[in-house]
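**Student:** Residue numbers (our numbering), protein chains in the order written: chain W, 817 to 931; chain D, 1345 to 1455.
Among the clues, some could well be false.
What the hints assert, rightly or not - Cβ-Cβ distance ranges computed for the label pairs, FRET-style:
| # | chain 1 | residue 1 | chain 2 | residue 2 | range |
| --- | --- | --- | --- | --- | --- |
| 1 | W | Asn867 | D | Asn1374 | 18 to 28 Å |
| 2 | W | Gln912 | D | Val1408 | 21 to 31 Å |
| 3 | W | Arg897 | D | Gln1447 | 42 to 52 Å |
| 4 | D | Glu1359 | W | Arg825 | 39 to 49 Å |
| 5 | W | Gln833 | D | Asn1400 | 26 to 36 Å |
| 6 | W | Arg875 | D | Ser1370 | 12 to 22 Å |
| 7 | W | Arg831 | D | Asn1389 | 29 to 39 Å |
| 8 | W | Gly832 | D | Lys1398 | 18 to 28 Å |
As the list claims (entries may be wrong) - Far from chain D by the CB rule (all over 12 Å, computed), these chain W residues:
| # | residue |
| --- | --- |
| 9 | Thr818 |
| 10 | Ser882 |
| 11 | Glu919 |
| 12 | Arg927 |
By construction, these hints were calculated from the structure, which means they are not laboratory data.
Quick reminder that beta carbons are idealized off the backbone N, C-alpha and C, glycines included.
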Amino acid sequence: DTGVSQNPRHKITKRGQNVTFRCDPISEHNRLYWYRQTLGQGPEFLTYFQNEAQLEKSRLLSDRFSAERPKGSFSTLEIQRTEQGDSAMYLCASRQTGPLTGELFFGEGSRLTVL
Amino acid sequence: GIQVEQSPPDLILQEGANSTLRCNFSDSVNNLQWFHQNPWGQLINLFYIPSGTKQNGRLSATTVATERYSLLYISSSQTTDSGVYFCAGGRGSSNTGKLIFGQGTTLQVKP
């Protein structure tokens, strides 16, 4: 399977714990995006990487959130001191190298439930 | 930033009926995609269509870029078409090429 891969698919945690999600983009894609989707809403942009450089962060990405893409391949999204409001689906997407136009491909998502 | 409005928010159809979903953008976009979100949450790519018309089986899409809207047509709907449909757009001239999503249209097709 050469699609975007995310894990874990589901995570249940207690408030105050830290969680980390991993995204493996399509291998030849150098552009990687994280989105968050809450119930009944469309996905909202969180952050963007071009290779290992994080080029944009949304205001939604509070200081408890940190994303990395250390070698320009896979990416991690960490949430520290989770709150119930962090419960959501976290989606990763990638796009091929080249112009900033072109199709965006999404992974299956990581669903977070904070108790 | 770009605002994306989808209509209708909800749609109930009898199997075999046709439907049209609409997406309006507050500003011009040169990236535009339609997605179907499956029950497990994954976004399935339907069309990449910044302009023009495309068809794939019972689905087709048309984007009129100068008027800042796009339409998704579903013909001879089936129960498996049920789910949430999203359009998303953005400007590739920005330094990220990110997509902004609408709120979605929830489609229920009854047998």
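**Student:** Give a verdict on every hint.
**Tutor:** Quick rundown of the hints versus the structure:
In this structure the hint that W:Asn867 and D:Asn1374 lie 18 to 28 Å apart at CB holds, the actual value being about 23 Å. W:Gln912 and D:Val1408 have their C-beta atoms about 27 Å apart, which keeps the hinted 21 to 31 Å range intact. Range check, W:Arg897 to D:Gln1447: about 30 Å between beta-carbon atoms, so the 42 to 52 Å window is missed. Distance hint for D:Glu1359 and W:Arg825: a CB-CB separation of about 31 Å, inconsistent with the stated range 39 to 49 Å.
For W:Gln833 and D:Asn1400, the hinted distance range of 26 to 36 Å is not satisfied, since their beta carbons lie about 43 Å from each other. For the pair W:Arg875 and D:Ser1370, the beta carbons lie near 19 Å from each other, so the given range of 12 to 22 Å is met. For W:Arg831 and D:Asn1389, the hinted distance range of 29 to 39 Å is satisfied, since their beta carbons lie about 35 Å from each other. Checked against the given bound of 18 to 28 Å, the beta carbons of W:Gly832 and D:Lys1398, roughly 48 Å apart, lie outside it.
With a least CB separation of 14 Å from chain D, W:Thr818 remains clear of the 12 Å interface cut-off, as annotated. Remark: the non-interface label on W:Ser882 is consistent with the geometry, its nearest Cβ contact in chain D lying 18 Å away (cut-off 12 Å). Some Cβ of chain D comes within 12 Å of the Cβ of W:Glu919; the nearest lies about 4 Å off, and the non-interface call is violated. W:Arg927, annotated as away from the interface, has a beta carbon of chain D within 12 Å; the closest lies near 7 Å.
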